Amino acid sequence: MDTGKLESPGPENLGAELHRLIAELFPICRSITGDGFRETLRRLGELVPLKVHEVPTGTRVFDWVVPREWNIRDAYVKDRTGRRVIDFGQSNLHVVNYSAPIRATLTRAELQEHLFTLPEHPEWIPYRTSYYNESWGFCLTHNQLLQMKDERYEVVIDSTLEDGHLTYGEVFLEGTSNEEVLITCHACHPSLCNDNLSGVAIAAYLARALRWTRHRFSYRILFIPGTIGSITWLALNEDKVPRIRHGLVLALLGDAGPFTYKRTRRGNAEIDRVAGYVLGGLPGENRVRDFTPYGYDERQFCSPGFNLPVGSLMRTPNGEYPEYHTSADDLDFVKPGQLAKSYAVCMSIVDVLENNRKYVNVNPKCEPQLGKRGLYRSSGGDAMPRESEMALLWVLNQSDGTTDLLDIAERSRLPFDAVRLAADALRESGLLETCEKH
Amino acid sequence: MDTGKLESPGPENLGAELHRLIAELFPICRSITGDGFRETLRRLGELVPLKVHEVPTGTRVFDWVVPREWNIRDAYVKDRTGRRVIDFGQSNLHVVNYSAPIRATLTRAELQEHLFTLPEHPEWIPYRTSYYNESWGFCLTHNQLLQMKDERYEVVIDSTLEDGHLTYGEVFLEGTSNEEVLITCHACHPSLCNDNLSGVAIAAYLARALRWTRHRFSYRILFIPGTIGSITWLALNEDKVPRIRHGLVLALLGDAGPFTYKRTRRGNAEIDRVAGYVLGGLPGENRVRDFTPYGYDERQFCSPGFNLPVGSLMRTPNGEYPEYHTSADDLDFVKPGQLAKSYAVCMSIVDVLENNRKYVNVNPKCEPQLGKRGLYRSSGGDAMPRESEMALLWVLNQSDGTTDLLDIAERSRLPFDAVRLAADALRESGLLETCEKH
Amino acid sequence: MDTGKLESPGPENLGAELHRLIAELFPICRSITGDGFRETLRRLGELVPLKVHEVPTGTRVFDWVVPREWNIRDAYVKDRTGRRVIDFGQSNLHVVNYSAPIRATLTRAELQEHLFTLPEHPEWIPYRTSYYNESWGFCLTHNQLLQMKDERYEVVIDSTLEDGHLTYGEVFLEGTSNEEVLITCHACHPSLCNDNLSGVAIAAYLARALRWTRHRFSYRILFIPGTIGSITWLALNEDKVPRIRHGLVLALLGDAGPFTYKRTRRGNAEIDRVAGYVLGGLPGENRVRDFTPYGYDERQFCSPGFNLPVGSLMRTPNGEYPEYHTSADDLDFVKPGQLAKSYAVCMSIVDVLENNRKYVNVNPKCEPQLGKRGLYRSSGGDAMPRESEMALLWVLNQSDGTTDLLDIAERSRLPFDAVRLAADALRESGLLETCEKH
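Residue numbers (our numbering), protein chains in the order written: chain V, 291 to 728; chain A, 291 to 728; chain E, 291 to 728.
Honestly, the hints are just simulated from the structure, not real lab data.
Any given hint could turn out to be false.
[Claimed, not checked] Below 27 Å or equal to it, Euclidean Cα-Cα: the simulated DSS-like pairs (lysine-lysine) are: (1) A:K530 - A:K341; (2) V:K530 - V:K368; (3) A:K648 - A:K662; (4) E:K648 - A:K655; (5) V:K530 - E:K655; (6) E:K530 - E:K648; (7) V:K368 - V:K439; (8) V:K662 - V:K648; (9) A:K530 - A:K648; (10) V:K341 - V:K530; (11) V:K655 - A:K530; (12) A:K341 - V:K655; (13) V:K341 - E:K655; (14) E:K648 - E:K662; (15) E:K341 - E:K530; (16) A:K368 - A:K439; (17) E:K368 - E:K439; (18) A:K655 - E:K530.
If you're wondering where the values come from, they're calculated on a predicted model, not measured in any experiment.
From just these sequences and the hints, can you work out the full model?
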């Protein structure tokens, strides 16, 4: 069956919608567990049919254990006048994420060991975490720090670390095949936009678009906390793993940088070829990089025991722009136009994945007579056939069951769409059969 | 057994002979069927032992059917004064090849739809065909067209489209092996020299040379109409297909351009390596290109159901020079020196194919003592051995049954002939055995 | 078991020691057999536990026969005044190596046929041999030749060619595995320093260092006459051949040129990757070249019947510097610093060979939690992990039993030592197991 070219069903002003969703989610204090994550999923559930999973603290997931749930109500550092010189209410980045509760009066020296700043960017608050080592801390601008000259400070973190759950969201969109495309994003960062509300928003809108489109593959879209989320999903869903035929981790898709596709550990999976082809056709200095075992959840999907065909799509990679993991990764840093373009690139990748098939020429000995079927002009002698005719010849010549349409597009240097249309025409004429069941 | 280096048995002035043959064949009005093709084969039969095959109209050949036979006696367009403003007698390109008969008086507007010119080359007549769609037409220079201002014209095409035969010629030259080298050319074009009387003439002279030379492979040389000819041969000779070990389609070998070798669909067949090696050793910007499913009869030989190791040798490829498929592809366009050089390149390819073998070193543990056999100088200490000595060392070291002499020549950067002579000497000394039966 | 990083146990002034050994061995008149070779081995035996083998004249070794033993006491050419115009006592290069005895008075013309000079270097004596063709001759400077104007000369070569033995030396250093590293050098050249006393001295000092170091592989170091020595060893030790896992022929290691590694015949053996990696990390224009069947004993080890993973390490290759095989390859040509650097490169290759292993991640599904094992920092949010942390992630991700540490170093662009240390730490934590028995 033919799914046709997937059209974005979104509104004209998709970039603005994506940015608006990010703005709504921005203030929530997310972490790898807790109510901030739940609230984020609740909002996404208004857009797409999201199933929320709760995994209890203490659940063993491979070498890891689901940690205690973290929630926070307030946190501050007060000077001797009672003024909050650091205030969680102003930015949730001010607290080291997963900080244990504390309520104490400390000397400046004692406090200093728990303070984190960025001297090279004195107006930015850094983002720090301490998930698996019980401790506490505050992040602040370097200029704030320079003004803290009191001898003693009152320190309060009104947080809890208690048995509870790890929460994640999952959208499953059934296709005509039970083979799956896995799309994941980490949704555990607090008030940071590019990392990774951009990925969250685009994944949600991809799910929304695919929900109303006929598609070959089934799509599983995960909104998970980084690392522990993918480990948990893999540990609890090993039965689903064999169905994953392609996968993509989405992150950092709102900045102004060129696109970066990071290959799967396999290096030559179909998703690698498809993403390379789509990025190769875009303007700008887009980059395809080899897999490395650092980054986002592709680290888990591409661990040697799974080695899944899961790549990663970003604009500027983690750590390669100064605003990364700071308060400067804010609503101004991600632009509607950039988000809309990232969404379009994702849809192009999905479109090629959906339409890339292997065919068999059912008439493989010599060329079939295309003219009598109205597929080829009837007079001869011109220098060169048209692009559509060349595409027919290429598809017929290469379709021996080992070559997919993307191979043919790359070998012939014809556009993928021209090759796909030729395959459609040949299939309608009975000259081509698909090798696949669905 | 050893065939030795093939020597061209031709006369000193081979280029002139090739051009003379082309000049003789030039006036004949050939098509994919009919008496022009028969007359061409009759003339070639004076040079080589040609078997003429006649395949009846209506014969099913894979997805095709052998068409009705086309013959033509005369054709013209007369103006109101009775003057032939277009006259088949002046050039057989004036009639669209395979035109149905017509005898009518038409308005200029009615006639116009059946006229073909080349505005960008106003003195040239284009070459057009309509083999599989019954219609008629005239080709003329654009300047001729500009002078046709009468209101009515008398139009006559005295042709027949009747049940008959498709005719082709075949030369078979038995070698010591029943493995075959297939050499084909299309011989269906009317008064055009480069395309493809150059290929026809060179194929005929190759056949003549091979007839009087001892050779390892059997050679099958086909003079066929394009497309339908190779389809017909393949359909009627499927039993012979498995014997084809190498193949070469010859076309466009008389122009002044550099050589172009178009690889087989396999891309790494022995003929690809051999032709690449021979062209690499020639002066000039010669080109080796990947297979594409457009061109000449390699399209059929390389269809996925056959996927034969058949490449194609040309100078400037089809459609890449302005004279292509026009009356400017005439006797002046193809030069004796260019034809002779093309012939020599074909013979070089045949020579390497004939002599390229895999050997086994019968003394594979350490080097044999070449000095005691008189194969190596007796004193030592010089900086480097001679080329002939290096060739002996290379052949001995590499001959483990997996590596052929061309591999060794390329790896050692020694000339193929030096490697071949070394292999001959080692075989005579009993140090080397061939892996092949013949 | 872990061998740790091999440290050179040598003295501070290793270059000077290597040069002193060369200076001691320099005056000895070595050949492929005879007392000069024995005297050389005796001196090496003072440094390392060398076993001396004597193989009788007439022993069949594959296609060769161990030749008669050659010894020489004196040789000269006297003019009519009784003056020695050519005197073996001044340089053993003056006699063509393996010259048969002669005692005669000859005309200048008769003598001329037995004289060898280098007109392009009129002050240098060439080095010539005639091992397998009984003859005699003298080598002299071209300036000497120009002064020989007498009509008659008295010619004496007081040599013997008699049944005796071929002598070679062998050091065997047992490792924890019975898989062997073969290190060989030719020790048959008379007063020539770079070719190959440099290789002899470095091989001896490598053996000395390895003797006192714990190592995984067993090491077999051969001091053999060129060609006939390796043929003899292979013929008499075929049972040991399957144990050779890596090999290196050492020659020409004292000149000032960049390093040259010549690949094994296989071209992709582990020794090829290791030597390429080590040379790639050195300053200067070092070269890795493909195998050719000319050079030193790698010709025999890489003959097709053995095809051993034996490469060759040199500085400037044979025949590529003017002093090669002349009296200018003397004690001034090889410098202590150059010898010391060559020794260090050999040790680096040995170090990587020893430590390059394939591991299996015993926890291959998702990453293990490194933080709880103290292998990873506990706080998150920094832009990039440290090199040591990246090395842990790379080793875990790639260790599926197919990838060795050198692969991982090259893929990750991390130093081999960082990768090795990561593997050690992971193995100690029980997260990694070696694939090998030893």
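To see whether the hints hold, each was checked on the structure:
no. : hint            : result
1   : A:K530 - A:K341 : 16 Å, holds
2   : V:K530 - V:K368 : 51 Å, violated
3   : A:K648 - A:K662 : 25 Å, holds
4   : E:K648 - A:K655 : 31 Å, violated
5   : V:K530 - E:K655 : 14 Å, holds
6   : E:K530 - E:K648 : 24 Å, holds
7   : V:K368 - V:K439 : 12 Å, holds
8   : V:K662 - V:K648 : 25 Å, holds
9   : A:K530 - A:K648 : 25 Å, holds
10  : V:K341 - V:K530 : 16 Å, holds
11  : V:K655 - A:K530 : 14 Å, holds
12  : A:K341 - V:K655 : 25 Å, holds
13  : V:K341 - E:K655 : 25 Å, holds
14  : E:K648 - E:K662 : 25 Å, holds
15  : E:K341 - E:K530 : 16 Å, holds
16  : A:K368 - A:K439 : 12 Å, holds
17  : E:K368 - E:K439 : 12 Å, holds
18  : A:K655 - E:K530 : 14 Å, holds
The structure fails hints 2 and 4 (numbered hints given earlier, in ascending order).
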